[in-house]
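We have chain S; now place chain R onto it with these hints.
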Amino acid sequence: MSAPHPDIPHVAEARNVDWYEASARHRLTTLLDHGSFIEFMGPTERVVSPHLDLFDLPKQFDDGMVVGRGQFDGKPVLAAAQEGRFMGGAFGEVHGAKLVGLLRAALDVKPDAVLVLFDTGGVRLQEANAGELAIAEIMRALLDARAVGVPVIGLIGGRAGCYGGGGLISGCCSGLVVSEQGRISVSGPEVIETNRGVEEFDSRDRALVWRTMGGKNRRLLGVADAYADDDVESFRAATLELLASPRAFDLDALKARQHMLESRLARFGDCSDAIDVWAKMGAEQPTGVPDLPADAFQALVARIAKEHGA
Amino acid sequence: METLTFARKATTPAGGSKPMAIVGVVASGNLEVLVERVLGTDECRIEIATAALGFGDVWAAVVDDFVSRSATGGLRFSINDGGARPDTVALRLAQGARLIAEDAV
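Chains as they are written, first to last, in this note's numbering: chain S, 16 to 325; chain R, 19 to 123.
These aren't lab readings, by the way, just hints derived from the structure by calculation.
Given the structure is predicted, the values throughout are model-derived calculations rather than measurements.
C-beta atoms are modelled at their ideal positions from N, C-alpha and C, and glycine is treated no differently.
Wrong hints could be hidden among the right ones.
Derived, one-sided and incomplete: chain R residues facing chain S with beta-carbon distance under 10 Å [stated by the list, open to error]: (1) Val41; (2) Ala45; (3) Leu49; (4) Ala67; (5) Ala69.
In silico negatives: residues of chain S with every beta carbon more than 10 Å from chain R [as the list claims (entries may be wrong)]: (6) Glu108; (7) Lys125; (8) Arg155; (9) Ser260; (10) Phe283; (11) Ile319.
Excised from the complex, chain S in its bound form (with noise of 0.2 Å):
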């Protein structure tokens, strides 16, 4: 027998899944309740971009984009995954506007959660306007149902990581869930190079890009909240772990996110390398943070949480 293709969904709907190699359709049967995820706008309805033909590209007949209801650990909820590998995940007009949706249906049907499955490198350049009004019509969509009580989750461990305005958006989540290859951040590796040089950024560099962007560096340092080995079990896991201590999302949670982030700067603003970061978080071997297999990994964060109430 042949081993099991991560494009056909019913070989292993276990969750011993491989979160990186698994396409986003296949991330969320697995990650939601067994045979729980229905699909809103599927692939046969064909809503495709509207733009890619002008370029003579090739479509997707999802645009990239999935999104539906199911359930999560018996509770009702919407869920959405970009797939990494069609045109980088990147935002365009069909693609931004089924995640606008769907987190405005949060606002009328008020589910448990939703959760977002990011796997991007930003806006698709071939649809830019539409995909730049795509990120801050999800932003303030993605605020309005916080802002109501739906804690929205995002998942972070594709193969593009979450970039650009991906990047922009998970920083509005309730919470993150990150895997080591997991990257985020805002402007890519190249993009700092070519706008600030190579002795700002090596973007050639591998190992400064993953520990700087990556998983480790970011749950380290607060920006992701759980971390997650690279399965569709430990996302699960770390995702409910986050839905089981809801946060505030009020004046004062703002202002305590905004005093922690001064304080990250002004403790960590003259490092100029994670390792350095690492080093004065206290961790007794910086250099071998990445390295690190996850649980002892997941011990160092709680060690260093502790000490410094993080």
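Only chain R this time, still in chain S's reference frame:
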């Protein structure tokens, strides 16, 4: 972009009862295949939108080989292709046919 359509007589109706299945992703060297159970049981249609121009003969060969080997009666295959090689196309078509041949949940 080039669009190609192949209509074939199917020898065997597709098994199972799922109304649709989808496999693959549109990316360089890859393709997505959407399979829908919407035709008469002796018909099979394959509609292709491809970024690689001028490979109609190769597509015809892959399609004929696939239809002769698989139970495709009643199925419409819609393909968005990012320039996949013939072996990848054959694999995705076979995956699609197998996936829709399951019973609906």
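Cross-check of the supplied hints:
1. Val41: At about 5 Å, which falls below the 10 Å cut-off, the nearest Cβ of chain S leaves the hint on Val41(R) intact, so it holds.
2. Ala45: 4 Å, holds
3. Leu49: 8 Å, holds
4. Ala67: 6 Å, holds
5. Ala69: Holds - the Cβ of Ala69(R) comes within 10 Å of chain S, reaching about 5 Å at its closest.
6. Glu108: With a cut-off of 10 Å, Glu108(S) remains clear of chain R, as the shortest Cβ separation is near 17 Å.
7. Lys125: 27 Å, holds
8. Arg155: The claim holds: Arg155(S) sits with its nearest Cβ about 29 Å from chain R, beyond 10 Å.
9. Ser260: Ser260(S) is indeed farther than 10 Å from all Cβ atoms of chain R, at 34 Å.
10. Phe283: 38 Å, holds
11. Ile319: Correct as stated: the minimum Cβ-Cβ distance to chain R is 38 Å, above 10 Å.
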